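Chains as they are written, first to last, in the numbering used here: chain A, 1 to 141; chain B, 1 to 141.
If you are wondering where the hints come from, they were derived from the structure by calculation, not from laboratory data.
Because the structure is a prediction, the values reported are computed rather than measured.
Any given hint could turn out to be false.
Which copy is meant is left open, because identical chains are indistinguishable; a pair holds if it fits in one copy or across any two.
Under the rule of at most 20 Å between Cα atoms (straight-line distance), these lysine to any residue pairs were calculated in the SDA-like manner [said to hold, decoys possible]:
#1 K115 / A105
#2 K15 / E28
#3 K115 / P37
#4 K13 / S60
#5 K13 / E67
#6 K7 / A32
#7 K115 / C95
#8 K115 / H125
#9 K115 / E127
#10 K115 / A56
#11 K15 / T52
#12 K115 / L76
#13 K115 / E102
#14 K115 / I128
#15 K115 / D103
#16 K115 / Y134
#17 K15 / L70
#18 K15 / W106
#19 K115 / G132
Number of protein chains: 2
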Amino acid sequence: MQQQADKIIQTLKAKGLRVTPQRFAVYEDLLARSDHPTAEQITNHLNQDGPTSSQATVYSSLQALREVGLIREVLLEEGVCRYDANIDPHHHFQCQSCGAIEDIAWDQLQDLDFKALRPGLQVTHYEITVHGGYCNRCRPE
Amino acid sequence: MQQQADKIIQTLKAKGLRVTPQRFAVYEDLLARSDHPTAEQITNHLNQDGPTSSQATVYSSLQALREVGLIREVLLEEGVCRYDANIDPHHHFQCQSCGAIEDIAWDQLQDLDFKALRPGLQVTHYEITVHGGYCNRCRPE
DNA sequence: GAAAGTTTTTGGAAATTTTCCAAGGATGCT
DNA sequence: AGCATCCTTGGAAAATTTCCAAAAACTTTC
Numbered sequence: 001m002q003q004q005a006d007k008i009i010q011t012l013k014a015k016g017l018r019v020t021p022q023r024f025a026v027y028e029d030l031l032a033r034s035d036h037p038t039a040e041q042i043t044n045h046l047n048q049d050g051p052t053s054s055q056a057t058v059y060s061s062l063q064a065l066r067e068v069g070l071i072r073e074v075l076l077e078e079g080v081c082r083y084d085a086n087i088d089p090h091h092h093f094q095c096q097s098c099g100a101i102e103d104i105a106w107d108q109l110q111d112l113d114f115k116a117l118r119p120g121l122q123v124t125h126y127e128i129t130v131h132g133g134y135c136n137r138c139r140p141e
Numbered sequence: 001m002q003q004q005a006d007k008i009i010q011t012l013k014a015k016g017l018r019v020t021p022q023r024f025a026v027y028e029d030l031l032a033r034s035d036h037p038t039a040e041q042i043t044n045h046l047n048q049d050g051p052t053s054s055q056a057t058v059y060s061s062l063q064a065l066r067e068v069g070l071i072r073e074v075l076l077e078e079g080v081c082r083y084d085a086n087i088d089p090h091h092h093f094q095c096q097s098c099g100a101i102e103d104i105a106w107d108q109l110q111d112l113d114f115k116a117l118r119p120g121l122q123v124t125h126y127e128i129t130v131h132g133g134y135c136n137r138c139r140p141e
């Protein structure tokens, strides 16, 4: 695990961010989970064994990490901004029963052809959101 | 335009909603524009020539219209919930310069094949969000 | 390794957006 | 028209995010 910590430190430094315990913790937490937590969920998780990061710091850290491209937002529900440390291109699936979000690997869906779009519209990035079905936990038997 | 108004009234009634001036106005406004406005933008637009709908009513109307499936949310920016009266399946394009959102007709992108997804995951709906390029207003030169 | 110069953290206040509430008003049915 | 129900309203409340100035921490420099 020490190697993992070193790698996080090197990553943060490489992006020009100072390595503080709070920022480290936010990024480490996001890297370790795949449930696309909200800022509040991250704050609670970090502080569950004694206070380590204030609310304002978590927001600030998330913003800093997002600005340098280490994490990104996932917006699938009204009024809920979730975060994801998986910055490789990928798609999302949301369970229609419990709302859980899981990743869909990029190569599980074929590449799209944008030739039919109106001229002059050059695509830099796209993403597919899939609704329906049930996640592992909600699967009916 | 009278026919358009009658049609809106019939549509609302058919969904079991009472036709009030405020609810009519919210739906009419959304039908008439394609810029995916926020609740605040709708409120301001409706009240620009004298007060017609309170803030709470606009939110309430939007919620009622969404519950019966006449409008839907569009979530592309953090903390911003936009609304769209186009409920036919379609995709969205967001201009990377000004953030404007425009629709992409469903048949301009090929249908996706979900065979590669894990078993048991039946897809009920999906949607593609395209970032990049420039909208008509931001087109360079 | 201490001082200097930044950047970051913090708690609390403030801003923003959305929801709640109870009262009065409007709508659709008979 | 009368009635039951649903809707609107202003204001308060809730929920989420940002701002602020002071204190603390990180990095660099000497």
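Cross-check of the supplied hints:
no.: 1; hint: K115 / A105; verdict: between (24 Å within a copy, 13 Å between copies)
no.: 2; hint: K15 / E28; verdict: within (15 Å within a copy, 48 Å between copies)
no.: 3; hint: K115 / P37; verdict: neither (36 Å within a copy, 28 Å between copies)
no.: 4; hint: K13 / S60; verdict: within (17 Å within a copy, 48 Å between copies)
no.: 5; hint: K13 / E67; verdict: within (14 Å within a copy, 48 Å between copies)
no.: 6; hint: K7 / A32; verdict: within (13 Å within a copy, 53 Å between copies)
no.: 7; hint: K115 / C95; verdict: between (31 Å within a copy, 17 Å between copies)
no.: 8; hint: K115 / H125; verdict: within (15 Å within a copy, 23 Å between copies)
no.: 9; hint: K115 / E127; verdict: both (17 Å within a copy, 18 Å between copies)
no.: 10; hint: K115 / A56; verdict: neither (45 Å within a copy, 44 Å between copies)
no.: 11; hint: K15 / T52; verdict: neither (23 Å within a copy, 51 Å between copies)
no.: 12; hint: K115 / L76; verdict: neither (27 Å within a copy, 23 Å between copies)
no.: 13; hint: K115 / E102; verdict: between (29 Å within a copy, 17 Å between copies)
no.: 14; hint: K115 / I128; verdict: both (18 Å within a copy, 15 Å between copies)
no.: 15; hint: K115 / D103; verdict: between (27 Å within a copy, 16 Å between copies)
no.: 16; hint: K115 / Y134; verdict: between (33 Å within a copy, 16 Å between copies)
no.: 17; hint: K15 / L70; verdict: within (9 Å within a copy, 45 Å between copies)
no.: 18; hint: K15 / W106; verdict: neither (25 Å within a copy, 39 Å between copies)
no.: 19; hint: K115 / G132; verdict: between (28 Å within a copy, 15 Å between copies)
In terms of the numbered hints stated before, the structure departs from hints 3, 10, 11, 12, 18, listed from lowest to highest.
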